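Counted from 1, the sequence shown has number 55 at position 54 by this note's numbering; the numbering is strictly sequential.
Derived by calculation from the structure, the hints in this document are not laboratory data. It cannot be assumed that every hint is accurate.
Label-pair ranges, simulated between beta-carbon atoms [stated by the list, open to error]:
1) Arg76 <-> Gly116: 46 to 52 angstroms
2) Glu160 <-> Trp130: 18 to 24 angstroms
3) Arg31 <-> Glu11: 29 to 35 angstroms
4) Leu18 <-> Glu99: 55 to 61 angstroms
5) Pro30 <-> Pro58: 23 to 29 angstroms
6) Ser142 <-> Arg33: 36 to 42 angstroms
7) Tyr106 <-> Thr147: 19 to 25 angstroms
Source: prediction; values computed, not measured. Cβ atoms here follow ideal geometry from the backbone N, Cα and C, with glycine treated the same way.
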Amino acid sequence: MTPRSRGEVEALFTAHLHLVPLTARRHFPRQRGDPGLLQAGRIGLWQSARRWDGVRPFPPYAQVCIRNAMTDHLRREGTVQRPIPLPSAPQPSTMERELADRALYRRIRTAWPAGSRQRRVLLALADSWPKARLARDMGLSPKQLTTLARRAWQQLPPEA
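Let the sequences and hints guide you as you build the complete structure.
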């Protein structure tokens with residue numbers, strides 16, 4: 002890393018100042034107008050301009066530094082960014098869900114023999130078992146469980 006003159010750092014900072022609001026909008030949409038957040042982003046950009054090694058591309062490096070500085074600011078402030086809630090879809094009635102569940106269970110039971118891993122996995126997932134627990138109970142890695150479940154769903158015959 003070669004030391005940069007103040008003029009070089011200022012030139013990098015000024016040329017990439019647009020990355021601060023861009024990063025705020027992309028990663029912190031609810032706080033994007035917070036002056037403290039934007040100032041933390043500018044500080045992160047300044048630090049990235051000072052520390053940049055000149056080998057790798059500057060904008061991706063700067064965006065990581067800006068995002069980290071903004072995250073640190075929000076943590077210091079105690080502001081927790083909650084995910085933006087998605088609009089909820091209308092829920093089917095309880096009876097409709099029960100009938101759909103029965104049809105799904107029937108399809109699974111007819112497609113796979115009683116002791117098969119595919120049947121155990123699909124029935125457990127249909128009953129909302131956590132994947133980590135199910136994988137541990139079956140002696141599989143989470144990736145193996147996901148692969149097994151995906152293949153079993155693909156091989157499940159369509160509804161009659």
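Hints versus structure:
1. At about 50 angstroms, the CB distance of Arg76 to Gly116 agrees with the hint of 46 to 52 angstroms.
2. With their beta carbons about 23 angstroms apart, Glu160 and Trp130 fall inside the hinted range of 18 to 24 angstroms.
3. Take Arg31 and Glu11: their Cβ atoms lie about 31 angstroms apart, and the range 29 to 35 angstroms holds.
4. For Leu18 and Glu99, the hinted distance range of 55 to 61 angstroms is satisfied, since their beta carbons lie about 58 angstroms from each other.
5. A beta carbon spacing of about 25 angstroms between Pro30 and Pro58 agrees with the range 23 to 29 angstroms that was offered as a hint.
6. Range check, Ser142 to Arg33: about 39 angstroms between beta-carbon atoms, so the 36 to 42 angstroms window is met.
7. The supplied range of 19 to 25 angstroms is met by Tyr106 and Thr147, whose beta-carbon atoms lie about 21 angstroms from each other.
Hint compliance for this structure: no hint is broken.
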